[in-house]
Amino acid sequence: MSKGLTKRSENYSQWYNELVVKADLAENSAVRGSMVIKPYGYAIWERMQAQLDKMFKETGHMNAYFPLFIPKSFFSKEASHVDGFAKECAVVTHYRLKNTEGNNIIVDPDAKLEEELIVRPTSETIIWNTYKNWIQSYRDLPILVNQWANVVRWEMRTRLFLRTAEFLWQEGHTAHATKKEAIEETKQMINVYAEFAEKWMAMPVIIGTKSDSERFAGAEETYTIEALMQDGKALQSGTSHFLGQNFAKAFDVKYLTKENKEEFVWASSWGVSTRLMGALIMSHSDDQGLVLPPKLAPFQVVFIPIFKNDEQLAAISERINPLISELREKGITVQFDKRDSQRPGFKFAEYELKGYPIRVAVGPRDLESGQYEVARRDTLEKSFVAEAELVDYIENLLKDIQNNIFNKAKERRETTTQMVDSYDEFKKIIEEKPGFILAHWDGTEETEELIKNETKATIRCIPIEGNKEEGKCMVTGKPSKQRVLFAKAY
RNA sequence: CGGGGUAUAGCGUAGUCCGGUUAGCGCGCCUGGUUUGGGACCAGGAGGUCGCAGGUUCGAAUCCUGCUACCCCGACCA
1 MSKGLTKRSE NYSQWYNELV VKADLAENSA VRGSMVIKPY GYAIWERMQA QLDKMFKETG
61 HMNAYFPLFI PKSFFSKEAS HVDGFAKECA VVTHYRLKNT EGNNIIVDPD AKLEEELIVR
121 PTSETIIWNT YKNWIQSYRD LPILVNQWAN VVRWEMRTRL FLRTAEFLWQ EGHTAHATKK
181 EAIEETKQMI NVYAEFAEKW MAMPVIIGTK SDSERFAGAE ETYTIEALMQ DGKALQSGTS
241 HFLGQNFAKA FDVKYLTKEN KEEFVWASSW GVSTRLMGAL IMSHSDDQGL VLPPKLAPFQ
301 VVFIPIFKND EQLAAISERI NPLISELREK GITVQFDKRD SQRPGFKFAE YELKGYPIRV
361 AVGPRDLESG QYEVARRDTL EKSFVAEAEL VDYIENLLKD IQNNIFNKAK ERRETTTQMV
421 DSYDEFKKII EEKPGFILAH WDGTEETEEL IKNETKATIR CIPIEGNKEE GKCMVTGKPS
481 KQRVLFAKAY
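For the first sequence, counting from 1, position 176 maps to 176 in the working numbering; every step adds exactly one.
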């Protein structure tokens with residue numbers, strides 16, 4: 001399982017599939033670029049889901065579910081939106097198969113749909129078509145709805161986790177009476193994402209807005225959180241869009257104000273996807289495998305008994321079962337690996353590969369001494385801890401690991417983020433020491449395009465926080481209001 | 001869709017140029033034994049339409065033709 005991991009660690013996507021997903025679906029192009037998420041990987045996604053869902057509910061949202069198939073006619077109402085997605089839609093044209101002679105299954109030509117159905121690439125259109133019926137008065141607003149779902153985007157090129165044809169995500173779609181409120185919602189949700197990324201994934205992010213060319217199709221403003229992976233490439237990890245009245249106008253969603261005036265509603269949408277799992281893997285993993293933040297690890301602690309026979313195992317179990325109960329009462333997730341089919345050394349390596357934050361080894365020797373060997377995944381350090389102190393020690397160590405991997409990631413980002421004032425220096429750094437670059441830009445699409453073509457670096461975002469010093473564009477010398485964030489991106 | 005590459009057991013591969021025993025090796029898997037505090041060892045064993053279709057030949061993983069899929073680089077993108 002771990003064969004070749006060290007050598008391949010520079011190319012994360014090479015070993016995800018050995019670790020958490022199985023991607024070998026396709027002899028058939030229809031599932032090209034999809035992925036099977038294995039149980040352990042899915043457990044990580046469930047932890048992420050649970051926390052995000054909690055945060056959405058704490059900010060007043062409720063979950064709903066809308067159909068997978070969207071009639072083509074819905075989809076073509078918002079012009080820039082359809083332009084953005086038209087090239088990557090899977091389309092359902094028939095509803096029946098037919099078994100011909102020789103067991104040859106074909107699509108029944110008589111079963112053609114009158115109107116084709118689009119497999120949702122995102123749900124704005126079907127949701128706004130529905131909101132039209134939900135909204136009449138200012139009393140119906142705001143509508144604060146989220147959906148957990150799968151979507152399909154027929155990308156020309158796929159990358160495991162980062163850009164699969166089908167992916168799992170959450171999409172929030174809100175409707176508001178005023179522009180101000182919709183913008184506040186948009187900003188609130190990007191802050192929720194940033195908090196989740198930093199406090200739970202232990203992944204530092206930079207919040208900002210997208211340039212015109214990178215903005216979501218149909219949005220007036222796109223907020224993003226941008227993270228830096230260990231190889232110096234940036235990953236867009238979550239977005240929140242202020243949609244203005246674009247979808248309200250396209251789907252004719254109006255409400256009556258207190259003054260009995262008819263107005264279009266204002267909208268936001270926001271989402272994060274299983275791409276976050278890719279981000280998590282690429283932020284922290286090392287040559288030994290995954291490193292998971294304790295807050296998202298499916299299991300935070302694993303106990304490995306070291307035994308030669310059933311009597312020894314029974315003696316070990318008797319001593320550590322009360323400890324496990326005590327840990328569980330504190331809300332710590334614990335696994336006790338009693339398998340006799342693998343040797344301890346194999347298990348050590350296996351749990352390191354899977355990123356369990358803490359491993360405790362207990363053998364006859366330790367029962368006598370009353371001290372257990374505790375190993376932490378982030379630093380691979382081991383220490384002996386007295387039985388009486390173990391529960392408190394683990395509780396503190398989990399917090400310590402969570403902080404430590406965040407700080408490590410942040411430090412790494414800071415040492416690979418540079419302020420650059422000349423375009424020559426920019427080109428040199430992008431080539432030699434990839435990472436974030438803060439530089440001045442004249443705000444035009446032409447300059448952005450030029451930089452992209454010459455260096456492959458793109459504007460990841462226009463940061464919201466930090467120094468807002470004015471300056472001159474590093475390419476054209478024209479005035480710039482603030483530095484923007486550049487990087488090569490996934 | 002353009003450029004490059006690859007396809008041999010569950011995974012990784014040798015063999016292909018120059019056709020010739022029963023297609024070899026490592027990991028993994030199964031059985032037995034010895035082991036068990038950092039990925040155990042010994043012995044035995046199972047597992048292959050050599051991507052698919054056609055052709056050349058006494059004989060094809062190997063040569064020819066066509067097709068398909070995957071990977072990498074671009075364009076596209078959560």
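Treat each hint with caution, since some may be false.
Pair by pair, the computed Cβ-Cβ distance ranges are [claimed, not checked]:
#1 Gln51 - Asp110: 26 to 32 Å
#2 Ala111 - Gln51: 56 to 62 Å
#3 Asn404 - Phe346: 24 to 30 Å
#4 Ser383 - Met419: 37 to 43 Å
#5 Phe384 - Asn407: 43 to 49 Å
#6 Glu425 - Leu113: 40 to 46 Å
#7 Glu318 - Pro344: 16 to 22 Å
#8 Glu195 - Glu431: 33 to 39 Å
#9 Lys382 - Ala315: 40 to 46 Å
To be clear, the hints were calculated from the coordinates, so they are not data collected in a lab. Just so it is clear, the structure is predicted and the values come from calculations on it, not from any experiment. The C-beta atom is built at its ideal place from N, Cα and C for all residues, glycine as well.
*Tell me, which hint numbers fail for this structure?*
1, 2, 5, 6 and 9
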